[in-house]
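Engineer: Assemble chain B onto chain A, guided by the hints.
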Amino acid sequence: MKVGILFSGGKDSCMAAYLAKKTGYERTCLITILSKNKESYMFHTPSISKAEKQAEAMEIPMIIQTTSGKKENELKDLEKAIKIAVKKYKIEGIVTGAIQSVYQSARIQKICNKLNLECFNPLWQINEFDYLDELIKDKFKVIITGVFAYPFDEKWLGKQIDKKFVEEIKELNKKYQINPVGEGGEFETFVLDCPLFKKELKIKSFHDFKEGENSWRREIEI
Amino acid sequence: MILIISTCAEKLHELEFVKPVERILEENKIHFFSKHYSDISEADLKKADKIIICGTSLKDNKFIENVNSFRWISNFNKPLLGICAGMQIISLIFYGKVKSKTEIGFYKENFTKEFLSLKGEQEVYHLHNNYTTLSKEFESFTEGKIPQAIKHKSREIYGVLFHPEVRNRKLVEEFIKH
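From first to last, the protein sequence lines stand for chains A and B.
Quick note: the first sequence, position 158, residue 158 per my numbering, numbers continuous.
Quick note: the second sequence, position 32, residue 32 per my numbering, numbers continuous.
In isolation and in its complexed conformation, chain A is listed as follows (with noise of 0.2 Å):
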C-alpha cells in the first residue's frame, strides 16, 4: 500500500516511517506543516523548516503545507495537504507519529476517514522508556531543539537521546512528571541519522532562543 507520512522532522514521525518501511509499505511522501504558531497542539515547529534536509536525505518528496497555526485552519491545510498527497502520489494512507494525544490523533483521524483513508499509528500507546531504547537500538541519532517545562534549561538544547540521557530524562519523569518522550510538549527533538537516511546530517551552525521561563529553542543549520 502506498502511504503519505505525516513529517515533523522530530523522533516520532522518522520512527514511525521507519516501521512502516519495515512493515512492507511503499512510502511515496512526507506531508509537513509549516505552522506559524509556535504554540500549536497540533504540529511540531522547531526545526521544521529542516525537514526538508531529511527528506532529501530519505529520497522520499515532501509537500509542505503553511498554516497561519489557528486551531480549526491548522486542520483544513491539513486536510489540503493530505489531499494533493492523494492526487499527486496515489496514496490510500496515512502513518502519523502519535503515541498518546487524543487531541491530535482524532483530528487527524477525522480527515482520514473523510477522504476514505487509512490512517495508521504505529506508535500508539508504546510504553515511552521501551520507545527510548528501541531509538537507540536502531541508531536513531535524536537531539534535543526545544525543551519548554521546568526544569529544563538551555543545557538541555542540543542533548542526543542515549543511554545517559535516558537516565536523566528517568529522574524527571520520577521527580516532576514530565513525560519521557515529551509528549505534554516538555521538548521537541529533530533527527540528524536514522536507519532511513542515506547519509548523516551534519550541524552548520545554530542559534539558542530563550521563549519564556524554561522554554528555549535551538535553530539549526544544515
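Since the hints were derived computationally from the structure, they do not count as laboratory data.
Cβ coordinates follow ideal geometry from the N, Cα and C atoms, glycine included.
Careful, some of the hints might be misleading.
As the list claims (entries may be wrong) - Between beta-carbon pairs, the in silico distance windows are: (1) A:F206 x B:D44: 51 to 59 Å; (2) B:S38 x A:D208: 48 to 56 Å; (3) B:G120 x A:N214: 53 to 61 Å; (4) A:E171 x B:E42: 48 to 56 Å; (5) A:M1 x B:N68: 19 to 27 Å.
Structural biologist: Below, chain B alone, put in the same frame as chain A:
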C-alpha cells in the same frame, strides 16, 4: 494462557490495535499468545483460558466479510472479551445487526451497572464507524441507544465498543485477572 486475536487486515495496524493490549498483559505478567483470526485453529482455542478479540481501523471492515471465521464463538465456553471490531463480531455471531454511527475521540458514557470494574460516568475513547444492535442473549450496561458495553446473559462473553486499552486499562486488567 490468554489468546489475543488480531482483526487487522493491515499488518501495520497491529502495532496500534493489538500491541497496546499485549502490553497490558505483559505489564501484568500474564502469559499470552497472539494470532490473526485467519490463523486460529482448534488447538489454539483449546489452549486458551480466555480470549481477547482486538479492534481495527475505521476503514477496515474485512472482519465483517469474514465473520464466518468466528463461528467458534457460538460454542466457546470460556471468558471472551471483544473490543470494538471484536464486540461487533460477537454481536454478529449472535445475530445482531451492523448499523452506521461514527464516533471518534473521547466521549462520556454512563454505566448503569458495574462492568468489569467500570461504573457510573466514564470517559472512553471511541474509534468506530459502525455499531451493532443488541442480541436478545445480551444485556447492555450503558445508557443510550448504542450498546457500548455488553455481556451475555448466561456466559462470560463481554463486548465493548470503545477502546479500553487507551483510557480504561483497568477493564482489561479486570478481565484478565478474574
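Engineer: Using the C-beta atoms of F206 of chain A and D44 of chain B, is the stated range 51 to 59 Å upheld?
Structural biologist: For D44 of chain B against F206 of chain A, whose Cβ atoms are near 55 Å apart, the range 51 to 59 Å holds.
Engineer: Range hint 53 to 61 Å: satisfied by the CB atoms of G120 of chain B and N214 of chain A?
Structural biologist: Since G120 of chain B and N214 of chain A have Cβ atoms about 38 Å apart, the given range 53 to 61 Å is violated.
Engineer: Assuming the hint says 48 to 56 Å, is it satisfied by the Cβ distance from S38 of chain B to D208 of chain A or not?
Structural biologist: With a Cβ separation near 54 Å, S38 of chain B and D208 of chain A satisfy 48 to 56 Å, so the hint holds.
Engineer: Is the gap between the beta carbons of E171 of chain A and E42 of chain B within 48 to 56 Å?
Structural biologist: holds, 51 Å
Engineer: For the range 19 to 27 Å, tell me whether the beta carbons of M1 of chain A and N68 of chain B fit it or not.
Structural biologist: Given range 19 to 27 Å: holds, Cβ gap about 26 Å.
In terms of the numbered hints stated before, the structure departs from hint 3 and from no other.
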